[in-house]
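Given the structure of chain A, go ahead and fit chain B with the ligands onto it with the hints provided.
Number of protein chains: 2
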Amino acid sequence: MLMDDMGWGDLGINGDPARETPNLDAMAREGMLFTDFYTANPLCSPSRASLLTGRLPIRNGFYTDNIHARNSYTPQEIVGGISDWEILLPELLAENGYRNKIVGKWHLGHQKQYLPLRHGFHEFFGSTNCHFGPYDNKSRPNIAFFRDDHMIGRYFENIKIDKNQQISDLSQSYIKEAINFITTQSDPFFLYWTPDSLHAPTFRSVPYIGSSSRSSSYGDALRELDAGIGKILDTIKQNQTLANNTFVFFTSDNGAALVSTTDAGSNGPLLCGKQTTFEGGVREPAIGWWPSRIPHSTVSRQSATIMDLFRTIFSITDIPMPIDREYDSYDLSPVLFANKRIDTNIYYYRGNQLMAVRNGDYKSHFWTFTNPLEQFKTGINFCPANFIKSITTHALTNYTQSPKLFHMIRDPGERYPIPENSIEYKSVIHKYINLYNKHISNTIPGKPLLNWCDKAVMHWSPPGCEALNMCLPVPQSKPYRCDWPH
Amino acid sequence: MLMDDMGWGDLGINGDPARETPNLDAMAREGMLFTDFYTANPLCSPSRASLLTGRLPIRNGFYTDNIHARNSYTPQEIVGGISDWEILLPELLAENGYRNKIVGKWHLGHQKQYLPLRHGFHEFFGSTNCHFGPYDNKSRPNIAFFRDDHMIGRYFENIKIDKNQQISDLSQSYIKEAINFITTQSDPFFLYWTPDSLHAPTFRSVPYIGSSSRSSSYGDALRELDAGIGKILDTIKQNQTLANNTFVFFTSDNGAALVSTTDAGSNGPLLCGKQTTFEGGVREPAIGWWPSRIPHSTVSRQSATIMDLFRTIFSITDIPMPIDREYDSYDLSPVLFANKRIDTNIYYYRGNQLMAVRNGDYKSHFWTFTNPLEQFKTGINFCPANFIKSITTHALTNYTQSPKLFHMIRDPGERYPIPENSIEYKSVIHKYINLYNKHISNTIPGKPLLNWCDKAVMHWSPPGCEALNMCLPVPQSKPYRCDWPH
Ligand SMILES: [Ca+2]
Ligand SMILES: [Ca+2]
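Heads up: the sequence lines are chains A and B, in that order. Take the first sequence: its position 204, counting from 1, is numbered 204 in the UniProt record's numbering, and each next residue is one higher. Take the second sequence: its position 74, counting from 1, is numbered 74 in the UniProt record's numbering, and each next residue is one higher.
Looking at chain A on its own, in the form it has when it is part of the complex (with noise of 0.2 Å):
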C-alpha cells in the first residue's frame, strides 16, 4: 500500500493532533511500526521506480541529467519510462506463480512499452499519471485511464472528478478493485494499492466530505483511504488462509507536499516536505503487518527504505534474487520478524547528486538545496515556515569539503549542526566522509531517462482508445531536454 505525498505526520501514531487515521492506527497496534523509514526519492516516479526494482534512481534511470541535482519525473511529455533491463518486482514473483495486480498510480512511463502488463503485472487498474487537468484536448490530452493494458477513459471525461468542489469516487473504486482481486486469486498474489488522492488536488467521494476534523479535502481523502485500508484489511483478516499469509506493508512514496500548504499532509517535526532531501521529503509513515509472525505494537527505529521491501519480499517468499546487478536493498526480515536491528546506509539523491548520507543516528549533508531563489520568489515554497541558515539553501550549495552533520535522534528537525569543532563531530564525520566517498565511486550511474521530453508522446492515443472512439490527432514529434525547473 502505497500513498501518494502522504506525509510522515499524517498518521495518528506518528503524533497528528487531528488524529485522523484509527484504520492505519491500529494497523500499527497490530504490526510494526517505523519510524525512520525512508522512500528513495523526494518524487513519486523515481521513488516508485525504486520500490519496484529494489534499485537507486542513478542505478535505475530514473532521474535526469539535464541540469546537475534537479527532480525528475513522469509528466505526460516524458518520452522515457521504465527500462526492460531492470527485473521488477512483479516480474520475479510471476516467474513464481504469483498473480501480480496494480491499482492506482503507475508513474513509471505512459508509452506502450512501459506500461505495466510489459512489466510484469497481470492486472492494472488505474492511471500512468497523476490526475492532473482537465485539459482542452487540443493542446494537451486528458490523462488516460487503464484497466489492463488498454484505456477505459480519461480524467475529467469517463473518470469523473470534480476539480472546484475536489469530489471523485476513484479511492471507492480502487478500495473496491482491491477486496474484489484479494477475495477471488487463488494462487499466491501480489497486490501494488496505490490510490492517488493525496496527491494535490486532492479529492474525496461525497460521502467523506467534511469527514476529517481538519475540515479539508486532504483530510477528507486521508479519512477516506485510512477507511478503505480498514476494509482491506478486515478482508484480509475473515480469511484464515489470507490472514496466515499475506505480509501487507504500508507506506507513502514520498513526504507532504509543503508546497502545496492546505491541500497538502504533515510532516510532524521533520524538516521541510516533498521536492527535497531533508527528512520531511523523504521520511515516510511506514507499517508492517502481519499478524501471524510480526510482533504486535512494536516500533522500529531501524532506518529503511522502500527498496528493502524488494529484498525481503524474496527472502520472505524464498525467491532468488538476480545476481547480475546492484541492489540498495537490504532483507528487513530480522527487523520485521525479530524486532532485530540490522546497519544500513542511506543515501538521499536529488537527481543524480548524492546529497546526504545516513547511518545509525547521523546523517550528513554534502550538498543543500531548496529551490532556486528565483523561483522561491514566485511563492513556490517547499520549507513553508522553515528557515534554517546554511541548511535549507536557495542554492545547491556544496558541503562536501566540511559535511553538514546531524544527531538524526537527538535532533530529528535537523535545526542544529553539530558544530564542526566539536569532539563529536571530529569522531563521526570521517565515517560519513567515507560513506560518500565511496558510494560515489562505487555507483556506476544507469542511462538517464528523464532527459527528453515531446509532446508527440502525450496521452493523444492511448491502446485501447479507438474502441472508446476517443483517438486525438497526434502532433509531429519535437523532441526536447525536459525543462527541471527545481
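The reader is advised that the hints may include incorrect statements.
One copy or two, it doesn't matter: identical chains are merged, so the pair holds either way.
Below, a list of computed lysine-lysine pairs in the DSBU-like style, where the Cα atoms sit at most 35 Å apart [unchecked claim]:
| no. | residue 1 | residue 2 |
| --- | --- | --- |
| 1 | Lys160 | Lys176 |
| 2 | Lys112 | Lys176 |
| 3 | Lys426 | Lys478 |
| 4 | Lys237 | Lys340 |
| 5 | Lys231 | Lys160 |
| 6 | Lys389 | Lys163 |
| 7 | Lys455 | Lys377 |
| 8 | Lys231 | Lys340 |
| 9 | Lys389 | Lys377 |
No wet-lab data here; the hints were simulated from the structure. Being a predicted model, the structure only gives us computed values, none of them experimental.
For chain B with the ligands alone, kept in the frame of chain A given last:
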C-alpha cells in the same frame, strides 16, 4: 504531575520519533490523552500560579506591567510572590481534610510569606526556585532547598548538581519522596509532583546517563522522569484503595524551551517554543489517569487548560468553590469521565497583554511577538528553524484591526494564516474579535506582582539557615524595577 519545560512533542504517543516515554505512553493507554491541552502562560511562575489558583496570571497578579507584553517570572531577586488573598487549590483541599504535599519546584515566591506551607501545603520537599547556579555566595547566594518551612541546604552545596556533566540524584529523591508520601497517607491527599530536571541546564542521575536514544542529558532526564512516573503509578496500582480513588493528571508548565537547542525538548509540529504565545509555547503534553473512572485509550481533542484542573478537582471532590472571584476554569468531568466535548475559550497572554484567543477549531492572534530583534541578533531564538512572515515577528505587532486567523486542526503549526478576503475568514473572525473585546472589557487585572526586584530578598538567609550555620549577610535593600528582556 507537572513537568518543567517538557514539550508537546516529547511524548512518544505524540509522535516523538525517539519514543523516550514508554511509561507515559502506557499511562495514556490506561487513560485519556489530551491533544489540545494548554498551560496558562508560556513561562514557569505564571503557569504554576494559575494551576493552583484556577485563574489567569492577569487576575492572580503573576505578570508585570513594567513593559508592555513582556514575560516575567520569579528569579531570586523578585520581591513579589503569591498573594495571601488568592485561594490556592491545596488551601481548599486542606479545609476539607486533605493532606497536601509539594515535591519539586514551587516558583511562586521565596520570601517567608510566600512559602508553600503558608499557602495550603502541609509538606514541601524541593526548592522555591530553579536550579540555577552555582553562585559565589557573595554577589549572589546559591538557591536554598527546603524541607517543609525551612531550608535544608543549597543547590551545588548540599544538593549536588554536577553542572558540567549534567548529573544529579535530585529526580530520584523526588521519586522516592512521592512514593513515600503516597504509601503513608491515611487521609485523602493531594500530591503536587513537579520535578525540574527537564529545565535547562537539565540533569539526570548516573544510572540514566546514556539511557536515551537522543544521547543527550535532556533525553536521559526524560527517561528518568518517565521511569519514575511508571514507579509512582505502579505504587498506586498496587493498592486497591489507592487505585480506585486516585486521580492523576500529567502535564507540563510550558512548551519546550527551544532557545536551549539540544538541551531542550520537542514541540513536535507546533510553532516556536517557551516564551511565545504560539502553540509551541503553550500547548502541552497532557494525560488524565484514573483507570476505574476515565475510559482507557481515549484521545480527547478537547481544548482545555491547566486552570481547568482547579474546577475539575473541586467537582470531583464535591467541594464548593469560592463565589467571590472570577475563575478561568472549566469543569472537565464530562470530558474525563464521559469523553464529551464542552465549549471552552483559551486566552493566550504575554505579561499584561492578551495576545490570542482560541475557541473550537480556530485561533486568532491579535498581537504577535517572539523577542526583540536586538536580542534575537545575539543568538536568543525562541523559534529556531521557524520563520513565518508577519507571524513570528521580532516587534510586538498589533493586529487588532485585522487579526490573524488559523485553523488549529488543519494547520496546528500555525503556518498558513487564513486569507482575510476568504469566506472562511469573514464568516469566523467576528466571533474571535468579540471574544477578545469581551474578555478584555470584563477582566479586571490583579495588581502586578512581578514588577519589583531587590538583591536584598535573595537567598541570603532563608528560614532554617541558622540551624545549618548557612546564613549569609543580607545586603541593604534597594528595590528596583525588574528588567524583563522579552
Ligand atoms: Ca508522490
Ligand atoms: Ca517551565
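Next on the checklist: Within, between, both or neither: how does the pair lysine 231, lysine 160 come out at a Cα-Cα threshold of 35 Å?
Outcome noted: The answer is within: 23 Å in one copy meets 35 Å, while 58 Å across copies does not.
Checklist entry - How do lysine 160 and lysine 176 come out at 35 Å by Cα distance, when the copy is not named: within, between, both, or neither? => result So lysine 160 and lysine 176 pass the 35 Å test inside one copy only (17 Å; across, 65 Å).
Checklist entry - Are the CA atoms of lysine 231 and lysine 340 at most 35 Å apart within a copy, between copies, both, or neither? => result Close inside one copy (30 Å) and across copies (28 Å); limit 35 Å.
Next on the checklist: With identical chains, the pair lysine 237 and lysine 340 could be close in the same copy or across copies; at 35 Å between alpha carbons, which is it: within, between, both, or neither?
Outcome noted: both (26 Å within a copy, 32 Å between copies)
Checklist entry - Quick one: lysine 112 to lysine 176, C-alpha cut-off 35 Å, is that within a copy, between copies, both, or neither? => result Within. Shortest intra-copy distance 26 Å satisfies the 35 Å Cα cut-off; inter-copy 72 Å does not.
Item to check | Alpha-carbon proximity context of lysine 455 and lysine 377, limit 35 Å | outcome: within (29 Å within a copy, 52 Å between copies)
Next on the checklist: For lysine 389 and lysine 377, with the copy left unspecified, which applies at a CA distance of at most 35 Å: within, between, both, or neither?
Outcome noted: both (17 Å within a copy, 13 Å between copies)
Checklist entry - Is it within, between, both or neither when you check lysine 389 against lysine 163 at 35 Å Cα-Cα? => result between (38 Å within a copy, 30 Å between copies)
Checklist entry - Under a CA distance limit of 35 Å, which applies to lysine 426 and lysine 478: within one copy, between copies, both, or neither? => result Neither way: lysine 426 and lysine 478 sit 53 Å apart in one copy and 50 Å across, limit 35 Å.
In summary, the one numbered hint that this structure violates is 3.
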